[in-house]
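First to last, the sequence lines map onto chains A and B. Residue 1 is where the first sequence starts when you use the numbering used here, and the numbers rise one by one after that. Residue 1 is where the second sequence starts when you use the numbering used here, and the numbers rise one by one after that.
Take these hints with a grain of salt, some might be off.
[What the hints assert, rightly or not] Quick partial rundown of chain B residues pointing at chain A, CB under 10 Å, derived from the structure:
#1 Asp3
#2 Leu4
#3 Arg59
#4 Leu85
#5 Arg124
#6 Asp182
#7 His184
#8 Glu195
#9 Gly197
#10 Phe201
#11 Ala202
[Claimed, not checked] Every beta carbon over 12 Å from chain B, so not counted as near; a handful from chain A, in silico:
#12 Thr29
#13 Gly35
#14 Gly69
#15 Gly171
#16 Ser192
#17 Ser207
#18 Asn214
#19 Glu238
#20 Ala246
I should point out that these hints are in silico values taken from the structure, not numbers from a laboratory. By construction, the Cβ of each residue, glycine as well, lies at the ideal position given by its N, Cα and C atoms.
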Amino acid sequence: MKRAILGAVAALALSTAALAEDMKMAVTTSFHNSGLSDILLPAIKQDLGLEVQLLVVGTGQAIRLGEAGDVDAILVHSRKAEDKFLAGGYGTHRREIMYNDFVFIGPKSDEAAIATATAATDALQKIAGAKAPFVSRGDDSGTHKKELSLWSTAGLDAAAFDGWYNAVGAGMGAALNTASGMNAYIMSDRASWLNFGNKGDLALLYSGDPVLFNQYAYLPVNPAKHPHVKTELAAKLEGWLVSDKAKALINAYTINGETLFVFNAKP
Amino acid sequence: MTDLWDGLSRAFFLLVSLDADLVEITLRSLRVTLTALLIASLIALPFGALLAVRRFRFRRTTIAVLNALMGLPPVVVGLIVYVFLSRSGPFGVFGLLFTPTAMIIAQIIIIVPLIASIAHQALRELWSDYHDLLISMNTTHIQRIQTLLWDGRRALLTAALAGFGRAIGEVGAIMVVGGNIDHHTRVLTTAIALETGKGEFAMALALGFILIGLAILVNIAIHWLTQTEREGRW
Chain A
1 MKRAILGAVA
11 ALALSTAALA
21 EDMKMAVTTS
31 FHNSGLSDIL
41 LPAIKQDLGL
51 EVQLLVVGTG
61 QAIRLGEAGD
71 VDAILVHSRK
81 AEDKFLAGGY
91 GTHRREIMYN
101 DFVFIGPKSD
111 EAAIATATAA
121 TDALQKIAGA
131 KAPFVSRGDD
141 SGTHKKELSL
151 WSTAGLDAAA
161 FDGWYNAVGA
171 GMGAALNTAS
181 GMNAYIMSDR
191 ASWLNFGNKG
201 DLALLYSGDP
211 VLFNQYAYLP
221 VNPAKHPHVK
231 TELAAKLEGW
241 LVSDKAKALI
251 NAYTINGETL
261 FVFNAKP
Chain B
1 MTDLWDGLSR
11 AFFLLVSLDA
21 DLVEITLRSL
31 RVTLTALLIA
41 SLIALPFGAL
51 LAVRRFRFRR
61 TTIAVLNALM
71 GLPPVVVGLI
81 VYVFLSRSGP
91 FGVFGLLFTP
101 TAMIIAQIII
111 IVPLIASIAH
121 QALRELWSDY
131 HDLLISMNTT
141 HIQRIQTLLW
151 DGRRALLTAA
161 LAGFGRAIGE
171 VGAIMVVGGN
181 IDHHTRVLTT
191 AIALETGKGE
201 FAMALALGFI
211 LIGLAILVNI
221 AIHWLTQTER
231 EGRW
């Protein structure tokens with residue numbers, strides 16, 4: 001009996017994962033939290049026999065992983081960072097896949113009255129004017145960069161804000177948890193918000209300004225920089241991501257009857 | 001508070017239905033941590049014994065450093081291992097980053113100082129009892145270490161179990177070097193962090209209860225296998 005158990009433990013320790021065709025892709029938390037990856041990955045596996053291993057990180061870290069050659073491709077949403085990535089020669093090209101949008105979340109009481117805002121920048125000015133508690137991602141992610149650029153478009157300097165502005169330095173879910181605990185305003189992508197389980201007293205207060213649209217792009221890592229990357233598999237995946245099959249799956253994906261992503265890849 | 005009850009009942013249903021994902025990540029947790037524990041023990045236990053029987057120049061410094069390293073912050077270990085294993089790092093060619101092997105390496109580094117320190121403390125006491133006998137029998141260093149390791153096995157078990165406890169509950173390092181990839185490097189602790197991030201507190205708590213239960217089970221199993229705390233023995 002004893003020997004059998006020890007043997008089982010040893011077998012458990014020594015068994016290695018089965019070898020299959022696989023590649024690593026860094027994606028943003030907002031993409032993964034939306035739940036869309038749970039729809040796409042099984043379909044990719046079925047159609048291409050390819051296992052895509054997702055590293056769910058912020059855009060900042062995703063770009064770093066691509067630069068170091070630790071992943072084969074990245075799927076992110078921050079145009080400036082993407083252009084810098086390409087300019088550095090780390091990626092072969094940039095392919096737009098789809099977009100979703102950002103929304104403003106806040107306490108149901110809405111003390112800054114952003115529900116009546118005329119534009120995204122107007123909403124931010126109202127929050128700053130009321131000095132209402134605001135939670136920022138503060139982690140150099142695509143969402144964080146977007147938020148900072150909106151503040152500066154609104155004519156405000158996020159670095160100069162005092163106590164009401166909280167940069168938590170965490171992912172979308174963790175930041176939403178913080179906002180829920182503090183009853184604070186926060187900017188989130190729509191998908192993460194709809195899938196979030198701890199809404200507490202928060203509600204979606206403002207959305208719809210075209211400036212809040214959020215373009216996702218697929219960038220394969222450049223094999224000239226990192227010869228070991230699986231360029232062929234990355235190309236195969238890109239072909240699938242822009243196919244009609246992907247288009248149907250992405251456009252049909254809804255949470256509580258709300259469409260989240262709009263496919264806009266050019267064939 | 002309702003989250004706590006939801007968590008408990010969710011944990012119960014996951015266990016009763018033997019949820020496939022749960023079984024998978026639980027087995028992976030066990031595989032990674034037990035492998036790390038085995039290798040770390042092979043390094044740390046003889047090292048602890050060596051520190052007890054041998055007198056050398058920097059022995060005190062070594063012991064002090066070892067004790068200090070017991071408190072190594074896992075996330076720093078994770079980052080250092082990450083930098084070494086990254087494709088642009090010195091060991092990048094092996095392609096080990098974001099694999100269970102990388103997680104095992106990180107856990108070994110975290111628990112070796114802990115196991116070695118506790119082993120050294122326990123064997124030091126034993127050595128003061130055995131010192132005259134073993135010296136008078138004209139034994140070699142190897143023989144002395146072997147004797148200490150065998151006769152001190154109960155205390156060494158405690159050292160190993162402390163290492164197991166630290167490794168199985170660790171999340172900072174394996175999150176960085178493993179990447180929490182579904183069906184590949186996701187283990188119980190990283191899954192808990194993920195569910196917390198999604199605001200799914202009940203699910204996170206359910207996994208937490210299962211993790212605690214697992215730690216208790218493994219400890220009981222090891223005590224039973226080595227027959228400690230039984231009538232007529234201790």
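task: Check each numbered hint against the structure and report the violated ones by number, ascending.
output: 2, 3, 5, 12, 13, 14, 15, 16
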